[in-house]
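Number of protein chains: 4
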Amino acid sequence: MKRIGMLTSGGDCQALNAAMRGVVKSLINSEEEVEIYGFLNGYKGLIYGDFKMLTGRDFAGILTVGGTILGSSRTPFKTIKDPDENGLDKVEAMKQNYYKLRLDCLVILGGNGTHKTANLLREEGLNVITLPKTIDNDLYGTDMTFGFQSAVDIATECIDCIHTTAASHSRVFIVEVMGHKVGYLTLNAGMAGGADIILIPEIPYDIDKVVEAIKQREERGSRFTIIAVAEGAISKEDAKLSKKEYAKKLEKMPHPSVSYEVAAAIQERTGQEVRVTVPGHTQRGGSPCPYDRVFASRLGAEAGKLILEGEYGFMVGYRNREIVKVPLEDVAGKLKMLDPKATIIQEAKMLGISFGD
Amino acid sequence: MKRIGMLTSGGDCQALNAAMRGVVKSLINSEEEVEIYGFLNGYKGLIYGDFKMLTGRDFAGILTVGGTILGSSRTPFKTIKDPDENGLDKVEAMKQNYYKLRLDCLVILGGNGTHKTANLLREEGLNVITLPKTIDNDLYGTDMTFGFQSAVDIATECIDCIHTTAASHSRVFIVEVMGHKVGYLTLNAGMAGGADIILIPEIPYDIDKVVEAIKQREERGSRFTIIAVAEGAISKEDAKLSKKEYAKKLEKMPHPSVSYEVAAAIQERTGQEVRVTVPGHTQRGGSPCPYDRVFASRLGAEAGKLILEGEYGFMVGYRNREIVKVPLEDVAGKLKMLDPKATIIQEAKMLGISFGD
Amino acid sequence: MKRIGMLTSGGDCQALNAAMRGVVKSLINSEEEVEIYGFLNGYKGLIYGDFKMLTGRDFAGILTVGGTILGSSRTPFKTIKDPDENGLDKVEAMKQNYYKLRLDCLVILGGNGTHKTANLLREEGLNVITLPKTIDNDLYGTDMTFGFQSAVDIATECIDCIHTTAASHSRVFIVEVMGHKVGYLTLNAGMAGGADIILIPEIPYDIDKVVEAIKQREERGSRFTIIAVAEGAISKEDAKLSKKEYAKKLEKMPHPSVSYEVAAAIQERTGQEVRVTVPGHTQRGGSPCPYDRVFASRLGAEAGKLILEGEYGFMVGYRNREIVKVPLEDVAGKLKMLDPKATIIQEAKMLGISFGD
Amino acid sequence: MKRIGMLTSGGDCQALNAAMRGVVKSLINSEEEVEIYGFLNGYKGLIYGDFKMLTGRDFAGILTVGGTILGSSRTPFKTIKDPDENGLDKVEAMKQNYYKLRLDCLVILGGNGTHKTANLLREEGLNVITLPKTIDNDLYGTDMTFGFQSAVDIATECIDCIHTTAASHSRVFIVEVMGHKVGYLTLNAGMAGGADIILIPEIPYDIDKVVEAIKQREERGSRFTIIAVAEGAISKEDAKLSKKEYAKKLEKMPHPSVSYEVAAAIQERTGQEVRVTVPGHTQRGGSPCPYDRVFASRLGAEAGKLILEGEYGFMVGYRNREIVKVPLEDVAGKLKMLDPKATIIQEAKMLGISFGD
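Chains A, B, C and D supply the protein sequences, listed in that same order.
Following the numbering used here from start to finish, the first sequence increments by one per residue and tops out at 534.
Following the numbering used here from start to finish, the second sequence increments by one per residue and tops out at 534.
Following the numbering used here from start to finish, the third sequence increments by one per residue and tops out at 534.
Following the numbering used here from start to finish, the fourth sequence increments by one per residue and tops out at 534.
Heads up, a few of these hints could be off.
Since the list can't tell identical chains apart, any single copy or any two copies may satisfy a pair.
What the hints assert, rightly or not - In silico lysine-lysine, DSS-like type, Cα no more than 30 Å apart, as pairs:
1. 229 to 526
2. 518 to 502
3. 179 to 482
4. 513 to 502
5. 482 to 386
FYI, nobody ran anything at the bench for these hints, they're computed from the structure.
Can you make the complete structure from the sequences, with help from the hints?
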């Protein structure tokens, strides 16, 4: 008999349900008897003991459904160690609920912030298994995270739509793709959508080089330019600022995001109309793509296997096309960045894509 | 032998190519010999004699392709009567090019602004046939315009994606749908996407009523609220201002659009996180939906028929499920508004949708 | 207080859930108190008293979900008057269950067969409101049925996919579209997908004309031909047979459907490879398209209104862009056929589409 | 100065255009001058000297377009060594055209058959670079082929649609997925679509086990069962036959494919209605998915790099998330099969999927 707690934390993404279904199906189909406790709205549910008991039936038909049936919330790692407004020690509260329910293991689905907290709970002695969820694919220790390919699909579809309208008018179009710290999503959606310029956090841009690329296209007879800009794109100048200085600068920025800054700069320098599209949270939503459904299901099944074998303290990850278990302490607090010298960047440049560098 | 000029003007939309293909196919499949002159980038091409000769081959395979193979541009009606920067009389220039090429007819695809200019050309003695293109469905004299249903599909898909992410977090989401003057697109996408609140230009909103609707949802246990906001949504107060006063107020607005205003107001009054998504020009792009492909093809074929019969001065429209010819003078300068008392609004209210009124 | 029974009968289609949600939401949002009894699996549930009580919560989130939450089954009209295998009088059983639950009204969603039975129940004195569901759009008394546009979308997507592969090889492709008796679906999907030849039940085809159309395309340099064939397409010869004779002939046919017959005939006459694709039941499945969601919701809301007003014995239909109530006796037993001389057929021919006639 | 010949051979798939665009863009963006000769319709074009010269412009806008702008055809390897009907030595003819055009390299895109011939040409002294194209992902020497993920997406969408209709009726549904020899596509689409049973060539099935799995689902209250069947699925009995014997048996089979055999067997044993859906060639068509667009573009760029470096005789493949060059002699004539003991199969079983074994 296994008593399993489960929670989804952080910004939601596609295939969270698929992954949980994978865990539960693999447990139910085993010889072991299982009880599943679903904590609601991320760590909050674990802190305040807000949960519901779940059966296999709750996981039927959710393979294709976006979002998370458990709800989610962001509980920044910074504050998890601070007491709540009523003075409650949150970490202690989580431990108590864990022991009160006599759980054998917590299955935690989340991204970077979530993994820090998960590792903290592991250090506190709880049995934890995690699954790597994020549209950013920036989780250390795994080649891939679920949610990523689905988000690429949606951002690409957005660029596809812009392509036909851009080709009809003589304009520069900017599509702002999610990703504050890493550029995988923007790079892949940009390459898939045929963007002419891609600006990502890892490669600070020079606005003059961006303008030059636009002008070169014009000279070759192209009526339009499409630029995929990551939320966290940054200019070479700004990249020299300290984090604090840059944060201040961002706050004073008259525009809601860097994309609008880039748009204004191009418009000023070229006189061309620049339009900004912000697909925003749509990139996290909708039905997971088939790739993510299979991938998340597989990770879920392997998590179930680890639970049955009593192996705890791991993230179930993916490396070199193998599903692997990665010690949580190796994952927590680290970010997987895109190397500006990566082969894929070189290939993108061979294809004629400018990174404004 | 018929010599036909063709141009697409105004913001592009889906099925422009499908409609042009319809015109050309119906002419080519007739007994008549035909020459097709495609003017580039809207009325500009006609003014400056920028065109290319087209054959049936140019229209093969474009049924499903978004945008317009002729390019488009906005030439606001206001300035069409003014000379250009070199003193050229633009209307006169268009007439000269028409006569120089000995055209039998101009086929013009466009929305409201385009129709004003088309009617002007008709008054100047040119043979004109128009086709009703706009994602706004606000063209007078026709029940439907092509581009509309495709835009509804894209905006709905956007709301669908937001739905799964909204359901996972406790938030208010605003999706800004295109439409500065009329609300058809927002209303239909909102109803199709299951939006809880819909704000459209025709029904000025009271922010207190909007907040009330959000709170009622919370009381009934709904974790989230989705609001579809037309670009031209307006508050009851602002609706009392003169056009000039309101334009001034908009300019001073700290946010890029009304949606952000609504978001800020809700956040202030409820303390809830509000997220804004702006699909923007994606709503004009991508492959036309099957409905628009069939509809635009049919209109195009009927335009071809009118040309063969030498009947000019009409928009090919759609009324009571019949394709009809509408005198251009009855269309030009009029806007088809959504009646706040229309059956569909009443039905939306029966379904529990709030319009904030 | 209103006590409402509801059931979905016949082949399922998209937007059944959307329509039921519309009925229920409009009732719940009224001042009236309501009890909803959902009969399971079509008339079977009503016959055998198999139902569950439903609340508004059961209808939340189903706007976008295909299929029917009540299940469906085909109970052919012919046998509804015959007793079941245990001698039970089915009509009497339905009446008893209706009275036992003290229902005020039955809301029945279905197509042609379903409407015959619905009208029978009306004649037996039950209060009945129906909603027109079918991917075939062949229901008498309404310009449109829900499910139709969604099916057009799926069949068109299928033809779109075939288009790219057909263009790469020199082949004839047949896409078999649903529709045993009427050709609306095939016609619209064929026109939307750019099919070169469309074969529908209403226009018997001459295989020589079909082959001629293929050869003409070749002569003009087209490498491929795409044919949309309705399940019920029929040759001119076979159209002369009596129903009985034709049914016999079909039975003896070595191929699973007429499409394969057409394919074999073309292959024999032209020597070209012909490939058949059968999307089949996918045309009934998946999330309803935005058009159907809005349409079904509106019909549902109006059904709710009729119930609140105590007006029974009607199908809620759609005519000339108005939602109307149509007496059930005017609908039952009639089929809406596509007129071979309809404007849309003429337009399709102007576009160069051959019907093999 | 480099003179490059290019051709696409075998059944078409998605992202062929994307891959060719990648090759050409990377060459054009290099310092080298380049001439591109596109041979039409596979090896046929090379044999009969049927080609056209291509410029960068021909490759603009084709990233997202399915099919191949060069056309394709199947020239089975077996007959390539035989003279054609006019006695022409085909291999010699290809060599002559290669030398006549003074080509530096042939870029050949194709699957298994294509690679055999490509290797033959290499052995004959021609410079060859190949790119791995197939929806089957059965090409030796590479972890992934382009076309595969796009086909998974389409087959999955098909299963998704069937899911809603299956859930509404009490039926068994079979979806026939492409794949005569290997089961990757069926396995992935089946897992992504939530199929209950998956039958693939690598795991011969026992019809009694299949029926047992269906009955188990019924006992647990599931109203329907969805079975993904690969074209090449085979029963345990038939797997014991020699290739010849089995081919004979297939020919005599009254049904057009194994799926219908399985359907008939289930219907007979369970009395349940079984419906078969055959998406067929749609699985090869339509716009490539973002994954394939990026992947094919990257492979194309790397092919360009090899050409610039004068490295010939390789397939550009993908192993352990690295793009690699694989000697053609290591690829030709080998098939990459799915190991019945592969982790993914075990995971699928943990998820409750039956393989009928």
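Now the hints, each set against the structure:
no. : hint       : verdict
1   : 229 to 526 : between (51 Å within a copy, 28 Å between copies)
2   : 518 to 502 : both (28 Å within a copy, 20 Å between copies)
3   : 179 to 482 : within (12 Å within a copy, 52 Å between copies)
4   : 513 to 502 : both (17 Å within a copy, 27 Å between copies)
5   : 482 to 386 : between (51 Å within a copy, 25 Å between copies)
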